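Following the hints, position chain B against chain A.
There are 2 protein chains.
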Amino acid sequence: MTFEEKLAEYADLAVRVGINVQPGQYVLINTTTDTLDFTRLVVKKAYEAGAKRVHVNFSDGPTNRAFYDLAPDSEMHEFPAWMVTQREELIDQQGSLLWIDAEDPDLLAGVPAKRISDQQKVAGRALEKYRASVMSDKISWSIVAIPSKMWAQKVFPDLPKDKQVSALWDAIFKTVRIGEGNAVEQWKSHIRELEKRATALNDKRFKKLIYKAPGTELTIELPEKHLWMTGASRTPNRTAFIANMPTEEVYTAPLKLGVNGHVRNTKPFVYQGNIIDGFTLTFENGKIIKAQAEKGNDLLQQLIQNDEGSAYLGELALVPHESPISSSGILFYNTLFDENASNHLAIGEAYPTCVEGARDLEESQLQALGLNTSMTHEDFMIGSGEMDIDGERHDGTLEAIFRHGNWAF
Amino acid sequence: MTFEEKLAEYADLAVRVGINVQPGQYVLINTTTDTLDFTRLVVKKAYEAGAKRVHVNFSDGPTNRAFYDLAPDSEMHEFPAWMVTQREELIDQQGSLLWIDAEDPDLLAGVPAKRISDQQKVAGRALEKYRASVMSDKISWSIVAIPSKMWAQKVFPDLPKDKQVSALWDAIFKTVRIGEGNAVEQWKSHIRELEKRATALNDKRFKKLIYKAPGTELTIELPEKHLWMTGASRTPNRTAFIANMPTEEVYTAPLKLGVNGHVRNTKPFVYQGNIIDGFTLTFENGKIIKAQAEKGNDLLQQLIQNDEGSAYLGELALVPHESPISSSGILFYNTLFDENASNHLAIGEAYPTCVEGARDLEESQLQALGLNTSMTHEDFMIGSGEMDIDGERHDGTLEAIFRHGNWAF
Numbered sequence: 001m002t003f004e005e006k007l008a009e010y011a012d013l014a015v016r017v018g019i020n021v022q023p024g025q026y027v028l029i030n031t032t033t034d035t036l037d038f039t040r041l042v043v044k045k046a047y048e049a050g051a052k053r054v055h056v057n058f059s060d061g062p063t064n065r066a067f068y069d070l071a072p073d074s075e076m077h078e079f080p081a082w083m084v085t086q087r088e089e090l091i092d093q094q095g096s097l098l099w100i101d102a103e104d105p106d107l108l109a110g111v112p113a114k115r116i117s118d119q120q121k122v123a124g125r126a127l128e129k130y131r132a133s134v135m136s137d138k139i140s141w142s143i144v145a146i147p148s149k150m151w152a153q154k155v156f157p158d159l160p161k162d163k164q165v166s167a168l169w170d171a172i173f174k175t176v177r178i179g180e181g182n183a184v185e186q187w188k189s190h191i192r193e194l195e196k197r198a199t200a201l202n203d204k205r206f207k208k209l210i211y212k213a214p215g216t217e218l219t220i221e222l223p224e225k226h227l228w229m230t231g232a233s234r235t236p237n238r239t240a241f242i243a244n245m246p247t248e249e250v251y252t253a254p255l256k257l258g259v260n261g262h263v264r265n266t267k268p269f270v271y272q273g274n275i276i277d278g279f280t281l282t283f284e285n286g287k288i289i290k291a292q293a294e295k296g297n298d299l300l301q302q303l304i305q306n307d308e309g310s311a312y313l314g315e316l317a318l319v320p321h322e323s324p325i326s327s328s329g330i331l332f333y334n335t336l337f338d339e340n341a342s343n344h345l346a347i348g349e350a351y352p353t354c355v356e357g358a359r360d361l362e363e364s365q366l367q368a369l370g371l372n373t374s375m376t377h378e379d380f381m382i383g384s385g386e387m388d389i390d391g392e393r394h395d396g397t398l399e400a401i402f403r404h405g406n407w408a409f
Numbered sequence: 001m002t003f004e005e006k007l008a009e010y011a012d013l014a015v016r017v018g019i020n021v022q023p024g025q026y027v028l029i030n031t032t033t034d035t036l037d038f039t040r041l042v043v044k045k046a047y048e049a050g051a052k053r054v055h056v057n058f059s060d061g062p063t064n065r066a067f068y069d070l071a072p073d074s075e076m077h078e079f080p081a082w083m084v085t086q087r088e089e090l091i092d093q094q095g096s097l098l099w100i101d102a103e104d105p106d107l108l109a110g111v112p113a114k115r116i117s118d119q120q121k122v123a124g125r126a127l128e129k130y131r132a133s134v135m136s137d138k139i140s141w142s143i144v145a146i147p148s149k150m151w152a153q154k155v156f157p158d159l160p161k162d163k164q165v166s167a168l169w170d171a172i173f174k175t176v177r178i179g180e181g182n183a184v185e186q187w188k189s190h191i192r193e194l195e196k197r198a199t200a201l202n203d204k205r206f207k208k209l210i211y212k213a214p215g216t217e218l219t220i221e222l223p224e225k226h227l228w229m230t231g232a233s234r235t236p237n238r239t240a241f242i243a244n245m246p247t248e249e250v251y252t253a254p255l256k257l258g259v260n261g262h263v264r265n266t267k268p269f270v271y272q273g274n275i276i277d278g279f280t281l282t283f284e285n286g287k288i289i290k291a292q293a294e295k296g297n298d299l300l301q302q303l304i305q306n307d308e309g310s311a312y313l314g315e316l317a318l319v320p321h322e323s324p325i326s327s328s329g330i331l332f333y334n335t336l337f338d339e340n341a342s343n344h345l346a347i348g349e350a351y352p353t354c355v356e357g358a359r360d361l362e363e364s365q366l367q368a369l370g371l372n373t374s375m376t377h378e379d380f381m382i383g384s385g386e387m388d389i390d391g392e393r394h395d396g397t398l399e400a401i402f403r404h405g406n407w408a409f
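From first to last, the protein sequence lines stand for chains A and B.
Just so you know, we're using the working numbering here: the first sequence kicks off at 1 and counts up by one.
Just so you know, we're using the working numbering here: the second sequence kicks off at 1 and counts up by one.
Just so you know, these hints were derived from the structure itself, not from any lab.
Hints may be right or wrong, so weigh each one.
Simulated crosslink set (EDC-like; lysine to aspartate or glutamate; CA at most 20 Å straight-line) [as the list claims (entries may be wrong)]:
#: 1; chain 1: A; residue 1: K149; chain 2: A; residue 2: D37
#: 2; chain 1: B; residue 1: K44; chain 2: A; residue 2: D395
#: 3; chain 1: A; residue 1: K212; chain 2: A; residue 2: D388
#: 4; chain 1: A; residue 1: K207; chain 2: A; residue 2: E185
#: 5; chain 1: A; residue 1: K44; chain 2: B; residue 2: D37
#: 6; chain 1: B; residue 1: K44; chain 2: A; residue 2: D60
#: 7; chain 1: A; residue 1: K44; chain 2: B; residue 2: D73
#: 8; chain 1: A; residue 1: K225; chain 2: A; residue 2: D395
#: 9; chain 1: A; residue 1: K174; chain 2: A; residue 2: D12
#: 10; chain 1: B; residue 1: K44; chain 2: A; residue 2: E75
#: 11; chain 1: A; residue 1: K44; chain 2: B; residue 2: D69
#: 12; chain 1: A; residue 1: K149; chain 2: B; residue 2: D37
#: 13; chain 1: B; residue 1: K44; chain 2: A; residue 2: D388
#: 14; chain 1: A; residue 1: K44; chain 2: B; residue 2: E75
#: 15; chain 1: B; residue 1: K114; chain 2: B; residue 2: D92
#: 16; chain 1: B; residue 1: K149; chain 2: A; residue 2: D37
Some chain A residues flagged as far from chain B (calculated, every beta-carbon gap over 10 Å) [claimed, not checked]:
#: 17; residue: K52
#: 18; residue: D69
#: 19; residue: D162
#: 20; residue: R197
Pair ranges (Cβ atoms, derived) [said to hold, decoys possible]:
#: 21; chain 1: A; residue 1: D162; chain 2: B; residue 2: D162; range: 47 to 57 Å
#: 22; chain 1: B; residue 1: N182; chain 2: A; residue 2: S74; range: 31 to 41 Å
#: 23; chain 1: B; residue 1: N57; chain 2: A; residue 2: K149; range: 18 to 28 Å
Bear in mind the structure is a predicted one, so any value in this text is a computation, not a measurement.
All C-beta atoms in this analysis are idealised placements derived from N, C-alpha and C, irrespective of residue type, glycine included.
Excised from the complex, chain A in its bound form (with noise of 0.2 Å):
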């Protein structure tokens, strides 16, 4: 296959697997100005498949970078009512949102983690609404990337400067299965494959799980009616979505009270373009009591404090050390990527999904069932070769689901 007819597939996999684009949808798309050609060919594939309208979002890194270096620190604190509207009328139309994701891992490295905090919680507190109907599948979307410059260099910076984005291409066409025989077909046997170890391990109705490795012992409680989930996912009318291309992680949600222990992180984590790397978290009856970084420590705790749920787990998910995007060695620096290659957790809000009859409750019903909100939702991983971990049954029987880094059964 040349370069041409993989990007062609690409595109064609994020709007008809990725979304699942649907006669008479609207779509949106957000994106980076780095991202033209691909975003152009998503676009026309998009109307193919019947797409009414296809608005695309770019942003742009130098004028977001310009917005926290300059702007006054008063506008940290607004966030446009018309990006609310964009976003509301998307859910209200039913519509499809894709990110083609191609973001810098430094933009926003050295600008005062205070300025960042400010405008994310403005943000999560307007987009609250959109963010909820999103999370809880009410809507197909999806995250594909693609590399930029300044990603690709970051990924790879001992290759020559004009081998970089192709090596990351290359890398990242490995990842979603482009180039081994028609995608479509390898997707449909692979979530196949994913889904069965989700029954599997919905089967088993653990207790809790508990993790150990080098730097973490931790127990984590699951709901009583949890539900373990894939990466194919459905909207209430059942149209079938991948929510982020690649996955390989099977997940659900923790009791939001029910952590204990401390966990250390083994991949850098990727926040809003800076690195947070090299740290621990402690955590009581589900409080994050104590986190540390070696990098980016004031954004981590700026993380932790936005607001009461960022200080709890919404996430924890399986991924095998053996996987394919952990087997080929190479760090992203990038959430999506990263956390298919190994065991992540997320810092506040549960997917409702996750839990029988839930995706339709309101804040506090979700509570009530023991569920984390938050309007922060943000993988960190913490899986390697040297990880166990055991499921606590009911009667306090234990049983192996991964041993060193892989799994057990």
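Just chain B now, with coordinates in the frame of chain A:
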């Protein structure tokens, strides 16, 4: 001056003279994905001038083209509500609006005229409040332009491909007085000259103007309290701004029902990514009763039928044939430049600021004063070295305004 210095001066001019950013102001920039480097410079300058937030709407040529080529017919009659919210939020906050234009004059060539016109109509109705606020200078706004590859190719088809963009840059810099010493001072003295012309015309209180040229015999009556204006405008709180750069015109509004005769265009009129050319309009009591174009006739017919007011004139503007832009001999295929090389008229809405005390009036009051209202305002060029214009006073005496395309007084 190096190219980079000229670029920086141009960005500064757009920010400090064009929209004249005030401390604490919200700035909206409408531009295309072709203008990245220049737009980033403008964003930085706008923050430096005190803007509190600069949002950039990047539209993308191929993405827009895909909409017109591939979206269903029914969608041509729809317009996203959030786009209205965005613009009205700008007005409510008394922000500033800058267009950085880099259009492909052939972007929508071949798209059925009805699709373009249907979308234009619904956009016009949705954005009525916004458009009226801009037309009556409720906020500061400006249009500047920079080369895109497609545009440069259209202007300089005979140059080698790698020289076209820089040739267009040179041409643009000249028209906006960059590279001839302090540009801000140049602009001040240029505006003073234009204002002298406007004052002289205002003192004469002409009842009508009579245009004669090959293909043109046209009489335009003026409202009793008409005002001749220049490109130098002021918001209600007296912030000065220049609504387009370059600007070489003095202009006023016609009496809606007082236009009779026929007029032939002298430069191509680029409308919605299409060229309309070789056309004659025939007027009877203000209304266009006949219109025929050698090129783009379908779109011309649609434009005139946009609404009731788009079959009437809304502006007449005087630009000497020996103006700097005209003397360059360059056909820009871009109204911003070509209108400032030539006497021109506009189909559609009149500027309320062109009649004493009319800025804050409602549509019905504007109509009562004899001003045209419409959701359209499209300039087209009629000037040449062969055009004579006489002014007729209320006592019936005639006075030469233009002879052989240039000022006669």
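Verification of the hints:
no.	hint	result
1	A:K149 <-> A:D37	holds (14 Å)
2	B:K44 <-> A:D395	violated (63 Å)
3	A:K212 <-> A:D388	holds (5 Å)
4	A:K207 <-> A:E185	violated (36 Å)
5	A:K44 <-> B:D37	violated (26 Å)
6	B:K44 <-> A:D60	holds (13 Å)
7	A:K44 <-> B:D73	holds (16 Å)
8	A:K225 <-> A:D395	holds (16 Å)
9	A:K174 <-> A:D12	holds (16 Å)
10	B:K44 <-> A:E75	holds (16 Å)
11	A:K44 <-> B:D69	holds (10 Å)
12	A:K149 <-> B:D37	holds (16 Å)
13	B:K44 <-> A:D388	violated (51 Å)
14	A:K44 <-> B:E75	holds (16 Å)
15	B:K114 <-> B:D92	violated (33 Å)
16	B:K149 <-> A:D37	holds (16 Å)
17	K52	violated (5 Å)
18	D69	violated (8 Å)
19	D162	holds (20 Å)
20	R197	holds (39 Å)
21	A:D162 <-> B:D162: 47 to 57 Å	violated (20 Å)
22	B:N182 <-> A:S74: 31 to 41 Å	holds (34 Å)
23	B:N57 <-> A:K149: 18 to 28 Å	holds (24 Å)
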